[in-house]
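Asker: Next come the chains, spelled out residue by residue.
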Amino acid sequence: ETGVTQTPRHLVMGMTNKKSLKCEQHLGHNAMYWYKQSAKKPLELMFVYSLEERVENNSVPSRFSPECPNSSHLFLHLHTLQPEDSALYLCASSEGSGEYNEQFFGPGTRLTVL
Amino acid sequence: GQNIDQPTEMTATEGAIVQINCTYQTSGFNGLFWYQQHAGEAPTFLSYNVLDGLEEKGRFSSFLSRSKGYSYLLLKELQMKDSASYLCAVRDRNTDKLIFGTGTRLQVFP
Numbered sequence: 001e002t003g004v005t006q007t008p009r010h011l012v013m014g015m016t017n018k019k020s021l022k023c024e025q026h027l028g029h030n031a032m033y034w035y036k037q038s039a040k041k042p043l044e045l046m047f048v049y050s051l052e053e054r055v056e057n058n059s060v061p062s063r064f065s066p067e068c069p070n071s072s073h074l075f076l077h078l079h080t081l082q083p084e085d086s087a088l089y090l091c092a093s094s095e096g097s098g099e100y101n102e103q104f105f106g107p108g109t110r111l112t113v114l
Numbered sequence: 001g002q003n004i005d006q007p008t009e010m011t012a013t014e015g016a017i018v019q020i021n022c023t024y025q026t027s028g029f030n031g032l033f034w035y036q037q038h039a040g041e042a043p044t045f046l047s048y049n050v051l052d053g054l055e056e057k058g059r060f061s062s063f064l065s066r067s068k069g070y071s072y073l074l075l076k077e078l079q080m081k082d083s084a085s086y087l088c089a090v091r092d093r094n095t096d097k098l099i100f101g102t103g104t105r106l107q108v109f110p
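Sequences listed follow chains D and P, in order. According to the numbering used here, the first sequence is numbered sequentially starting from 1. According to the numbering used here, the second sequence is numbered sequentially starting from 1.
Keep in mind the hints are simulated off the structure, nothing from the lab. Be careful, since some hints might not be right.
[Said to hold, decoys possible] Computed far set for chain D versus chain P, every beta-carbon distance over 10 angstroms:
hint, residue
1, K19
2, P42
3, E44
4, R54
5, S72
6, H73
7, L90
8, Q103
[What the hints assert, rightly or not] A few chain D residues that face chain P, going by a derived Cβ cut-off under 8 angstroms, partial list only:
hint, residue
9, K36
10, K40
11, L43
12, L45
13, F105
14, G106
15, P107
16, G108
Since the model is a prediction, treat every value here as computed from it, not as a measurement. Cβ coordinates follow ideal geometry from the N, Cα and C atoms, glycine included.
With the sequences and hints as input, model every part of the structure.
Answerer: Spelled out as structure tokens, the structure:
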């Protein structure tokens, strides 16, 4: 149990659907992250939120829209995705967004876009 | 630019020792992390190195040489449950972002 939960664990959606991924951390951390993990590729940072403010948007297409209503919750809203967006989406949290701050990861949402 | 290199796959025998290497190039270095990720599960933190030398934690040790841009993760007394992917990640000093390698998939055989 890492203290970071993600729902759903698996999601299949069509290219015209709208869906949302949810992440919740129970660790009292101030920073939250979205990563994309594709087969045979490194983990790619998508978004960073620190104290509920977006501090990093790593050139992610606008069909991915993050939302951080408070320091414990992070959402990733999905709209008109492409098949190449199929991947494991991992949420992580840390005490802060800089220096030595070990990131704690959630189990991920396995997304398949048809 | 930034680049992290680690072997794609490794195999080893139960009870043996295995060393997983990681080399990196980054414009500004501010620490190196090793994570373990079992199939279908979250990456979990194993170790952190920011100064040169060896950090030991039970059966796992991690080494760093900043001048060589090199780290390794040493796993001793291998167990079947050590079969997993091992991710090397470097924190970029300029951006504070973690840059991950592709991971090394380790298979431990009886």
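Asker: Each of the hints needs a verdict: does it hold here or not?
Answerer: Now the hints, each set against the structure:
{"no.": "1", "hint": "K19", "in the structure": "holds, 20 angstroms"}
{"no.": "2", "hint": "P42", "in the structure": "violated, 4 angstroms"}
{"no.": "3", "hint": "E44", "in the structure": "violated, 8 angstroms"}
{"no.": "4", "hint": "R54", "in the structure": "holds, 14 angstroms"}
{"no.": "5", "hint": "S72", "in the structure": "holds, 17 angstroms"}
{"no.": "6", "hint": "H73", "in the structure": "holds, 18 angstroms"}
{"no.": "7", "hint": "L90", "in the structure": "violated, 7 angstroms"}
{"no.": "8", "hint": "Q103", "in the structure": "violated, 7 angstroms"}
{"no.": "9", "hint": "K36", "in the structure": "violated, 11 angstroms"}
{"no.": "10", "hint": "K40", "in the structure": "holds, 6 angstroms"}
{"no.": "11", "hint": "L43", "in the structure": "holds, 4 angstroms"}
{"no.": "12", "hint": "L45", "in the structure": "holds, 6 angstroms"}
{"no.": "13", "hint": "F105", "in the structure": "holds, 4 angstroms"}
{"no.": "14", "hint": "G106", "in the structure": "holds, 6 angstroms"}
{"no.": "15", "hint": "P107", "in the structure": "holds, 5 angstroms"}
{"no.": "16", "hint": "G108", "in the structure": "holds, 6 angstroms"}
When held up to the earlier numbered hints, the structure conflicts with 2, 3, 7, 8 and 9 and fits the remainder.
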